[in-house]
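Use these hints to put chain B onto chain A, whose structure you have.
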Amino acid sequence: MSSPETSRVARRRAAAPHTSMFLRMLWRAAVLRRGRAASALLAMVVAAAVATAMLNLYVDVQAKLRREFRKYGANVVVVARDGQSLPDDTLTTVRSALGSGGIAVPFAYAVARTPDGRSVVVAGTDFQQAQKLNGSWWSVTAWPKASHDALVGAHAAVVLGAAGKPFDLSFQGRSIRLNPVGTLQTGAAEDSRVYVSLAEFVEWTHVPYSTVEISASGSADDVSTVIQRLGQSLPGADVHPVRQVTEGEANVLGKMRSTLLVASILIILTAAVCVLSTLTGWVSDRRRDFALMKALGASGRLLQGFFAAEAAALGAIGAILGFSIGVGVAIWIGQANFHAPVTPRLSVLPLVLAGGIVIALIAAILPISLLRRVQPATILRGE
Amino acid sequence: MFLRLLYESFRRQKRRKLLAGIAIMLGVGVATAMIAVATDIGDKISRELRTYGANLIVTPQEDTLDVEIGGVNLKPPSDGAYLNEADLPKIKGMFWRNNIVGFAPMLPASITLGGARNVTLLGTYFARSVVFGKQDFVTGVRTTHPWWKVQGAWPEDNSEDILLGDHLAAKLNRTPGQDIELAGRPHRIAGILSTGGPEDYEIVAPLALAQEILGKPGAVRRIYVSAVTKPEDAFARRDPKSMSPEMYDRWYCSPYAQSIAFQLQEAIPHSHAEQIRQVAQNEGTVLSRIQGLMLLITLAALLASALAVSASMATAVVERRGEVGLMKALGAGNLAVAVLFFAEATLLALLAGAAGFAGGALLARQIGHSIFASQITIQPVLLPIILAIAVLVTFAGSAVAIRRAVKFDPVYALRGDA
Chain A
435 MSSPETSRVA RRRAAAPHTS MFLRMLWRAA VLRRGRAASA LLAMVVAAAV
485 ATAMLNLYVD VQAKLRREFR KYGANVVVVA RDGQSLPDDT LTTVRSALGS
535 GGIAVPFAYA VARTPDGRSV VVAGTDFQQA QKLNGSWWSV TAWPKASHDA
585 LVGAHAAVVL GAAGKPFDLS FQGRSIRLNP VGTLQTGAAE DSRVYVSLAE
635 FVEWTHVPYS TVEISASGSA DDVSTVIQRL GQSLPGADVH PVRQVTEGEA
685 NVLGKMRSTL LVASILIILT AAVCVLSTLT GWVSDRRRDF ALMKALGASG
735 RLLQGFFAAE AAALGAIGAI LGFSIGVGVA IWIGQANFHA PVTPRLSVLP
785 LVLAGGIVIA LIAAILPISL LRRVQPATIL RGE
Chain B
569 MFLRLLYESF RRQKRRKLLA GIAIMLGVGV ATAMIAVATD IGDKISRELR
619 TYGANLIVTP QEDTLDVEIG GVNLKPPSDG AYLNEADLPK IKGMFWRNNI
669 VGFAPMLPAS ITLGGARNVT LLGTYFARSV VFGKQDFVTG VRTTHPWWKV
719 QGAWPEDNSE DILLGDHLAA KLNRTPGQDI ELAGRPHRIA GILSTGGPED
769 YEIVAPLALA QEILGKPGAV RRIYVSAVTK PEDAFARRDP KSMSPEMYDR
819 WYCSPYAQSI AFQLQEAIPH SHAEQIRQVA QNEGTVLSRI QGLMLLITLA
869 ALLASALAVS ASMATAVVER RGEVGLMKAL GAGNLAVAVL FFAEATLLAL
919 LAGAAGFAGG ALLARQIGHS IFASQITIQP VLLPIILAIA VLVTFAGSAV
969 AIRRAVKFDP VYALRGDA
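As they're listed, the protein sequences go chains A and B.
The numbering used here applies: residue 435 is where the first sequence begins, and numbers increase by one.
The numbering used here applies: residue 569 is where the second sequence begins, and numbers increase by one.
Excised from the complex, chain A in its bound form (with noise of 0.2 Å):
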């Protein structure tokens, strides 16, 4: 160092006021000891990281999967009572209910007859809404699109010998000719069905629908407390859960739950050793600059106090910094396994932010008091 220099640095030091002394201390650490200082907080960074994916994705998983069980199509059905038909605005009534995030879709049954006098179940259906609510399970060839367009079922195919050519059916007399643009595999009831469009239904066979399948979406109590308002607003209808449904998806739901909590758990424990271990090096590492304060006349409190505020910036740091890369993974995750973004959750934060303070407190005086009990003069001595 030149003598100009140091004249500058001490005028400098002696204008300073006397707690930039502190802060000086903790930025100068930082940047002499680079390395160790950087691997503090790299671990730090990553555990952050780690535990706010992980904690992410515990919130969001929930929503995630309970949109995959949404697939299973209707979760809870509306039925006129025996001998009485649903009233006329009950699809709207339903779909006021339901909000923005439900489907409901209606379904009207009639028996037809096929010139050969067979009997077959004809349904008439929303086709869109339709495919909105079983599109995932329902394996359709094409929906119909025009009118007197028909989805035949897979059943009903072979047995009205319907591939392709228009094919005639009567209802009490009326007849109507049905194009087979489609046709539909289930595995159940379906497939013994013919599904042409409500309104075409209505107008050959006056029936009017008599079923409402509705998709409700939300936890367990949403479904519950949209049932309840279904019917107290359908005092004429049945409503009821499709407990098939509901059941198995409460089931695996809650197993789902208690699996990714116990690997959260696992995990940021994990990477809080992970923490102590890197700091409680980084500190005893320093035994000699404590020492040399000590012997330079600290007092106890402030030493500790000083390599507590330095472990609380780095958690601090680390913290936030791995926040934000934990986001991106958990986002990265939700794309890749779930395709459809997870909601960074800013919630997590404070969480992680004590969290890392805590560890990185913990970290620091658990070497600091084993340290004070040892004589400075032992420790510069390089014992």
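Hints are not guaranteed to be accurate.
Dumping the calculated DSSO-like pairs for lysine-lysine here, alpha-carbon to alpha-carbon at most 30 Å [claimed, not checked]:
id, chain 1, residue 1, chain 2, residue 2
1, A, 505, B, 798
2, A, 505, A, 689
3, B, 809, B, 658
4, B, 809, B, 660
5, A, 689, B, 702
6, B, 702, B, 660
7, A, 498, B, 798
8, A, 599, B, 809
9, B, 784, B, 702
10, B, 585, B, 975
11, B, 658, B, 585
12, B, 798, A, 566
13, B, 660, B, 798
14, B, 809, B, 717
15, A, 505, B, 717
16, B, 798, A, 689
No lab work stands behind these hints: they were computed from the structure.
Quick look at chain B alone, frame taken from chain A:
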């Protein structure tokens, strides 16, 4: 001399070695538990998804159309073909018999209750024991339709008691224990059945009773089969007829819904087996999502474990710079020092890794018990893999620190200048 150095290092630095060992143990334990859970979760969730009920249905090959609206079948009972009840046990003789969780035959019959009301009477197994060869197997709707709830008691399969659907019971104003007259004979109502499906409007009876009322002994209209399957992929959807013999064997021996359906068709004469797409297809999607998620979580666990292990190793090596300086001052070469450290790391990784594996296996068992209420099996193959990973990670973790320690000038190291 080398062995003595190694031995003394472990003997004299018990505390430090223990700390590093604990970190390795924890890391390996978490990794083992997560790998074990992730490899087994497909099977576990698949069994949980069986709550959705049967995923396969077997019907007669030449059947007329079902004329069914809202659970009321308008098809004349004389119409259509039947399967033979005597063929049912053969399902347990199939290649994938262990994947069959249960099956339930169904025979609907139309009867008139007092007041000329037409009601469907559904004959089925509740929990009947079926014998195939030396195997004894209990099956029926209680396994295939787990969401069916009974208020009262389930009827015995060999009794003439029945279950009344809850809507029907409310309409007829009957409670469990009362009698109801069916086809000219009184039958005891064992319980009230609630399913949230068409059965709420029906009477469910033991299969033999339905056969008697229908006058068709041994007849079954359809069989619901609940099987643990593998998510469908492009290979599963291929037509078995167009496959080469090897591919056919591979397809036949994979538990796809398609191949199990194919085998059901082989086992039961004149039948047509098909997957119930609502259950089977969605099960596949849910399963593959969960498996993907667990894979990612396992990777995260491995990453965290690797970091924990390497961090503690690095700390342990840096603390021993003085020792390195002394060894070098006494004439040890860089290689000798590095070999000693790596040997120590290997020994530590193997010991702690084995302990961690045991701990992880216990943890996985605990997870299996408390979450899935069943065993999670740990493949023995996992042990060498986990140990190899532990050694590798320990090496990688200590490599940087060892290099720095070796490069250090012994003079500075001994003086204690870092």
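Holds or violated: residue 809/B and residue 658/B, Cα atoms, limit 30 Å. holds (24 Å)
Next pair to validate is residue 505/A with residue 717/B; report whether the Cα-Cα distance is within 30 Å. holds (24 Å)
CA of residue 658/B to CA of residue 585/B, is that 30 Å or under? Distance of about 61 Å is beyond 30 Å: violated.
Just to be careful, I want the Cα atoms of residue 809/B and residue 717/B compared with a cutoff of 30 Å; is the pair within it? Answer violated: residue 809/B to residue 717/B is near 42 Å, above 30 Å.
Pair hint residue 505/A and residue 798/B, alpha-carbon separation not exceeding 30 Å: holds (18 Å)
Measure nothing beyond the straight line between the CA atoms of residue 505/A and residue 689/A; if it is 30 Å or shorter, mark the hint as holding. holds (19 Å)
Satisfaction of hint between residue 702/B and residue 689/A, Cα-Cα up to 30 Å: violated (35 Å)
Within 30 Å, alpha carbon to alpha carbon, are residue 798/B and residue 566/A? Holds, because 26 Å separates the two Cα atoms, which is no more than 30 Å.
Pair hint outcome, residue 585/B versus residue 975/B [Cα-Cα no greater than 30 Å]: OK: residue 585/B and residue 975/B at ~23 Å, within 30 Å.
Given the proposed pairing of residue 599/A with residue 809/B, does the C-alpha separation stay at or below 30 Å? OK: residue 599/A and residue 809/B at ~28 Å, within 30 Å.
For the pair supplied as a hint, residue 702/B and residue 660/B, is the alpha-carbon distance within the 30 Å limit? Distance of about 11 Å is within 30 Å: holds.
Between residue 660/B and residue 798/B, is the straight-line Cα distance small enough, at 30 Å or below? Between residue 660/B and residue 798/B the Cα gap is close to 19 Å, so the pair holds against 30 Å.
Hint compliance for this structure: hints 5, 11 and 14 are broken, all remaining hints hold.
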